[in-house]
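Engineer: Sequence:
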Amino acid sequence: MRYLIYAIIVVIDLYAIFLDVPQKQTVHIKAPILDTAYEEKMALQYLNTLRTNAGMAPYQTSPILKKTADNHATYLIANNATGHYEEKGKKHYTGEMPYQRAIAEGYQVSMLTENVTNNSLNYKDAIDNLFAAIYHRFGFLDFISDEIGIAVAQDPKNTEVNTYVFDMGIHRLNQACSGKSYSGAERYAYKICLDPTHKIREKTLLDILNAQKIASKTIIVYPYDGQTDVPPVFYNETPDPLPDYDVSGFPISIQFNDAHIKQADVRDISLYTPEGEKVKSKVLYDQNDPNKLLKPGQFALLPLTRLKYDTRYKVVLTYAHEGKITQKVWHFHTRKLPEPTFVITQNKQALKIKPHTTYTLYFKPQNRHDVLGDLHFPADVKVNLLDQNTIQLRLDSENTEPFDLTSEDKEIHFKVLSKT
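Per the numbering used here, residue 4 is the first one in the sequence shown, and the count goes up by one each step.
Each hint can be trusted.
Taking lysine to any residue pairs in the SDA-like style, the calculated list, with each CA pair at most 20 Å apart, reads:
| no. | residue 1 | residue 2 |
| --- | --- | --- |
| 1 | K70 | Q48 |
| 2 | K385 | N125 |
| 3 | K202 | G109 |
| 4 | K285 | T241 |
| 5 | K283 | Q369 |
| 6 | K413 | V386 |
| 7 | K339 | D232 |
| 8 | K413 | Q352 |
| 9 | K355 | K413 |
| 10 | K367 | Q391 |
| 11 | K317 | G279 |
| 12 | K367 | Q352 |
| 13 | K355 | T403 |
| 14 | K265 | D210 |
| 15 | K220 | P299 |
| 16 | K311 | L375 |
| 17 | K317 | D232 |
| 18 | K220 | K331 |
| 19 | K206 | I217 |
I should point out that these hints are in silico values taken from the structure, not numbers from a laboratory.
Go ahead and model the full structure; you've got the sequences and the hints to work with.
Structural biologist: The structure is reproduced here in structure tokens:
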């Protein structure tokens with residue numbers, strides 16, 4: 004297969020893409036109260052760690068975008084809502100679209116990228132969930148945006164319900180739009196700022212838009228080389244890059260930086276197991292993306308089956324540039340499950356457990372639609388959903404009577420061993 008990418012002549016998109024990650028299935032247990040200030044601080048640190056390890060500059064904090072994100076998070080919780088849009092007349096409404104909410108707080112640019120996810124376990128789970136969704140990942144690994152506002156909110160009446168809002172913008176462009184309009188004789192751009200007549204010198208605009216690109220690597224890959232604790236799974240996002248799959252493998256992304264490489268001919272992208280077996284996958288790029296959201300130079304390799312836990316994978320990219328064939332090879336390691344772990348391979352299975360011990364149950368998917376449905380279990384059993392195929396279970400009771408955990412066509416029978 005051959006894919007061509009070319010230098011992008013249009014250096015700026017006059018719109019932003021806002022996407023929804025469907026909220027996670029809820030298991031009805033009491034969730035802990037989040038320290039939202041701590042979550043926001045750690046979310047920025049974790050996100051910047053991922054960006055810098057991938058070869059990009061970190062985000063700086065924007066007070067305006069922080070307030071914008073705060074406002075939307077408050078709206079979502081107050082109205083039991085999800086996604087990016089707000090409805091006028093509802094409680095805590097500050098603007099229908101993300102850019103309108105930013106402008107209401109004093110931002111001078113309508114170009115804004117927003118990521119939102121709901122009902123996450125913590126900041127790491129929230130960001131990992133968004134990175135598993137390929138379109139959202141490219142939002143976080145954007146070559147142009149350089150500042151961010153992060154907000155975390157939780158429903159005080161139902162701690163299972165929370166939201167993480169990330170608003171990304173361009174600090175230097177906002178500064179240029181906030182300053183004086185260019186009045187010189189050189190080429191200029193307009194219809195970029197809130198005031199459509201505001202002029203920015205062309206060279207200044209190009210310097211702003213290329214600053215992050217120049218500071219980034221030639222090729223940005225994710226997972227990056229040597230990355231560990233990579234989630235093995237992707238479920239879905241809206242819009243969905245794999246609409247016929249309810250469960251598949253964690254996507255691999257490649258971005259060519261047009262500040263360093265103007266044209267490349269991609270020959271092949273492949274994923275391999277430690278045994279050298281090629282993982283069956285689908286490659287998306289701007290020409291075959293069903294949702295037309297990928298830009299030239301962006302590629303996504305989507306494994307069609309869930310990856311294995313605690314496994315080192317190899318990725319091989321082959322491309323031609325200036326008449327030379329080049330291979331880029333890198334590795335990443337998927338997440339290791341905490342012990343003790345049971346791998347469930349049948350719809351009906353019997354297990355033995357001890358009280359006051361936490362167990363991980365991985366329900367290995369039998370097909371591309373095999374995810375857990377509604378879970379039913381006794382009141383003295385605590386269940387935590389790690390993903391839609393993996394749970395943690397703990398019996399905090401002296402009751403040694405057998406019990407069942409069921410989920411649609413699945414039935415796990417537990418025999419409880421005495422403490423002795």
